[in-house]
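Trainee: Spelled out, the chains give:
Protein chains: 2
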Amino acid sequence: MDSSSQHSHSGNLTKPLAVVLVSGGMDSCVTAAIASKEYELAFLHLNYGQRTERRELQSFHDIASYYGVSRKLVVDVQHLRQIGGSSLTDEHIEVTKADLNRRDIPTSYVPFRNANFLSIAVSWSEIIGANKIFIGAVEEDSSGYPDCREVFFQTFNVVIATGTKPLTDITIETPLIHLKKNEIVQKGIDINAPLHLSWSCYQNEEQACGVCDSCALRLRGFQRAGVDDKIPYRVKPIYH
Amino acid sequence: MDSSSQHSHSGNLTKPLAVVLVSGGMDSCVTAAIASKEYELAFLHLNYGQRTERRELQSFHDIASYYGVSRKLVVDVQHLRQIGGSSLTDEHIEVTKADLNRRDIPTSYVPFRNANFLSIAVSWSEIIGANKIFIGAVEEDSSGYPDCREVFFQTFNVVIATGTKPLTDITIETPLIHLKKNEIVQKGIDINAPLHLSWSCYQNEEQACGVCDSCALRLRGFQRAGVDDKIPYRVKPIYH
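Residue numbers (my numbering), protein chains in the order written: chain A, 1 to 240; chain B, 1 to 240.
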């Protein structure tokens with residue numbers, strides 16, 4: 001490294017500091033694995049009243065332990081539950097069963113969720129001196145949320161540049177954005193990401209349901225990669 | 001109005017719906033007054049651990065009562081306190097006394113605060129069907145926060161367009177952005193904004209201190225407009 005300005009102020013670090021948004025799901029697990037190659041990691045987790053909040057938080061801490069990450073921030077983003085409107089945060093709205101050919105936005109969509117999450121990440125990054133924010137968003141092979149598209153992150157980078165101090169230099173990295181789920185699984189296997197510690201199900205906390213959007217995308221990814229997914233499932237359909 | 005699609009679903013409204021960020025300060029008070037001319041109002045208030053949180057919330061409710069606003073959302077944005085780094089949210093950092101000729105960013109700067117606030121406003125707007133978000137930001141005659149500049153709001157509008165559902169049409173309005181404080185006072189007087197209900201001091205809750213950045217900007221505005229500010233002050237310096 002030739003730029004000491006990128007380094008944390010702690011003095012002990014030999015790598016620049018990056019914040020990784022770690023939901024506890026497969027994508028964020030692989031993203032953390034990728035970031036760990038070049039960066040000292042700080043992990044950020046958001047509780048926002050999602051049904052599987054407790055289980056995801058467990059995965060967050062498990063993945064942090066795996067990578068020896070001590071700098072962790074867990075934020076309760078209660079306003080997304082207050083605001084409602086999503087099956088993830090409102091128990092009166094049913095979690096849609098997966099239809100991977102569907103083109104509309106599923107009921108699990110939480111309005112403008114990633115902007116809320118990235119704003120928190122930027123505030124934290126500016127205080128701790130991180131220059132990168134990693135997020136495991138996936139554009140094509142995903143549920144079709146508008147705030148998971150590359151153009152959203154590109155424009156958010158412009159907002160960061162205009163909305164932080166002049167000397168602040170923070171940009172968002174989306175290393176998975178154009179990968180398919182099976183490529184994400186394969187990437188995770190290749191770089192020893194602890195996929196067995198991750199949790200993706202939107203519905204259950206003990207045994208993954210196997211049929212919600214998130215389970216379906218994950219299982220199809222493992223199946224297409226020819227790899228066994230070792231977390232427990234209630235049912236394990238074959239997806240094409 | 002010729003566009004019923006802009007209207008709320010309640011059926012009783014004759015104006016389109018707008019969310020107004022109401023801190024309780026003078027600028028948000030005048031902004032609410034401006035928005036009330038053309039929009040049905042929904043008021044959003046953010047508690048983020050600022051020193052004068054209780055007093056600002058009182059002003060929020062008082063201004064809401066003045067305009068008969070029943071659709072109110074108060075959100076505890078606790079992560080800005082968790083993250084720290086500002087004299088507004090960290091009692092170990094002193095509130096800088098005003099120096100209205102200073103060009104650096106004062107200690108009251110909360111990193112990326114307005115992005116956090118606007119993200120919440122957009123999430124709420126998408127759920128309740130509001131098309132406008134009003135915020136009383138001021139660019140030139142202000143404390144120099146980077147996220148109060150027009151370019152920040154312009155780029156945030158692009159992020160909203162890319163990060164919400166395709167049919168969602170939400171834009172930010174900043175009617176005060178290029179006004180001087182005395183022009184804001186005059187505008188407020190002209191349209192009967194309840195300035196006596198607003199609160200600007202960053203330091204005190206009973207008597208405004210008169211010397212913090214926010215008090216100094218407010219007092220200078222009233223003095224230049226030739227109008228008496230009716231809220232109680234501990235000291236009332238003359239600013240030039």
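Calculated directly from the structure, the hints in this document are not laboratory data. Incorrect hints may have been included.
Using 30 Å as the maximum straight-line C-alpha spacing, the simulated DSSO-like pairs for lysine-lysine come out as follows [stated by the list, open to error]:
hint, chain 1, residue 1, chain 2, residue 2
1, A, 72, A, 236
2, B, 37, A, 132
3, A, 236, A, 132
4, B, 72, B, 165
5, B, 72, B, 180
6, B, 15, B, 132
7, A, 180, B, 72
8, B, 180, A, 165
9, A, 72, A, 230
10, B, 15, B, 187
11, B, 132, A, 165
12, B, 72, B, 15
Trainee: All hints are to be evaluated individually against the structure, with a verdict given for each.
Mentor: Here's how the hints hold up against the structure:
A distance of roughly 33 Å separates the Cα atoms of residue 72/A and residue 236/A; the hinted pair therefore is violated under the 30 Å criterion. Between residue 37/B and residue 132/A the alpha-carbon distance is near 43 Å, which puts this suggested pair outside the 30 Å criterion. This hinted pair does not check out: residue 236/A and residue 132/A have alpha carbons roughly 37 Å apart, beyond 30 Å. Taking the CA atoms of residue 72/B and residue 165/B, the gap is near 24 Å; set against the 30 Å cutoff, the hint holds.
Of the pairs offered as hints, the one joining residue 72/B and residue 180/B holds, with about 29 Å between alpha carbons and a cut-off of 30 Å not exceeded. Pair hint residue 15/B plus residue 132/B holds up; C-alpha atoms about 12 Å apart against a cutoff of 30 Å. Annotation: proposed proximity of residue 180/A to residue 72/B is violated, straight-line Cα distance about 42 Å (limit 30 Å). Proximity of residue 180/B to residue 165/A is assessed by CA-CA distance (about 23 Å); at most 30 Å being required, the pair is judged to hold.
For the given pair, residue 72/A sits about 26 Å from residue 230/A by alpha-carbon distance, which is consistent with the 30 Å threshold. Simply put, residue 15/B and residue 187/B have alpha-carbon atoms about 22 Å apart, close enough for the 30 Å limit, and the pair holds. For the suggested pair residue 132/B and residue 165/A, the alpha carbons sit about 27 Å apart, so the restraint of at most 30 Å is met. For the given pair, residue 72/B sits about 17 Å from residue 15/B by alpha-carbon distance, which is consistent with the 30 Å threshold.
The structure does not agree with the numbered hints 1, 2, 3, 7 stated previously, though it agrees with the rest.
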